[in-house]
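J.: The primary structure of each chain is shown beneath.
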Amino acid sequence: MADNNTNTTKEQCCNTAVATPQDEITAPERYTTPAVDVYETEEELVIVADMPGLESDDIDLSVDKELLNLKGVPRQKVENEWQYEEFSSTSYYRQFRLGSKIDRTRIDAKYTDGVLTLKLPFAEEVKPRRIEIKGT
Amino acid sequence: MSFIMTLHRRIDGAALFLRRVCDVPTPFLPVFYVVKLAYFLDIVRSHEPNKLRRFGTYKDTKKAPSPGEYIMIRFFDPFQNPNTLRRELDSIAGFLRNQFVPGHPQFLRPAAPQVARVNLAEDGDNIRVEMLAPGLDQEKIDISVLNDQLTISGEKKDALADVPGEKALRNERPKGRFSRTFTLPSEVNPDQVTAEYQNGVLKLNLPRAESAKPKKISVNVG
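Same order as they appear, the protein sequences are chains C and Y. Numbered as in this note's numbering, the first sequence ends at 1128 without a single skipped number. Numbered as in this note's numbering, the second sequence ends at 225 without a single skipped number.
Note that these hints are calculated values from the structure, not bench results. There may be inaccurate statements among the hints.
[To be verified] Each computed BS3-like pair below joins lysine-lysine, with the alpha-carbon atoms no more than 27 angstroms apart:
id : chain 1 : residue 1 : chain 2 : residue 2
1  : C       : Lys1102   : Y       : Lys216
2  : Y       : Lys170    : C       : Lys1102
3  : C       : Lys1111   : C       : Lys1093
4  : Y       : Lys170    : C       : Lys1093
5  : Y       : Lys206    : C       : Lys1063
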């Protein structure tokens, strides 16, 4: 029974929380798609995104119906004359499609060391629950 | 065989064109041949018969053209936009031209690694290095300097370390240990190297060693 429950949850998350490439639309300016790790726990879905070089004010998160928009635009453009350059400071943009099982009112975001951690709790009614069987 | 002869003639013609237009030095022409050949092979491999515009006798046939026919159609089609061929040649010429600009040999330069990318700037007194490294374990950042060799190593925390496999839905971020060693433009004073880690960017300031600072030489007019 418990196994069944976890399987269902996973399927829902796979289908709903992670956008397929067709779902991701382009932003008007040049941007980088941040690499993400996504995993789930009993209570929530966690998205971890690498977005280095921003301040926490630069990140703009919004939920529009079923789309979660993740956007980061560095406000302070530091002009540097690099003699050797492997990276440049860019904007970040990515979208995720959220399932109806996620409670949009309690989304929690944290930005530390260039890593954005998003916690998307499941709505109370979808949490896996163990059902006690009463013997007569 | 006639197809191969045509191909040869075509390549020679294009090579001559390149030599005239963008001064590709003659010793590098073999490079051009290789690129051009790869280009042809790629076209042949990725061809889509349905989208192809055919002319003459090919128009009514249903079967896909052979590679030779394909090239003939592609490059000798009188109805194709004359700019297409020119654009193709221009893109190859532009690619080749960039290879021979000093300091910008894209072809020869190794691709930047996916993790721990660095930028470097220098002025008279200091060398500044920035490394893009989000989510490092701060206790495991290790920076060492020996003469003009800078080594930065560290470890990226793995967010999925404690997550069972079936609960991990996306695994895109690079993780684990890394180490990179650079040869700096000059020797630096290892005692005065400062480093700060802010918003996923590791910023180093390395003052040059006294012996490596540029000296002004005044000219005595006698």
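J.: All the hints need checking, so say for each whether the structure fits it.
T.: Hint-by-hint comparison with the structure:
no. : hint                  : result
1   : C/Lys1102 / Y/Lys216  : 44 angstroms, violated
2   : Y/Lys170 / C/Lys1102  : 21 angstroms, holds
3   : C/Lys1111 / C/Lys1093 : 14 angstroms, holds
4   : Y/Lys170 / C/Lys1093  : 16 angstroms, holds
5   : Y/Lys206 / C/Lys1063  : 24 angstroms, holds
When each numbered hint is compared with the structure, a violation occurs for hint 1 only.
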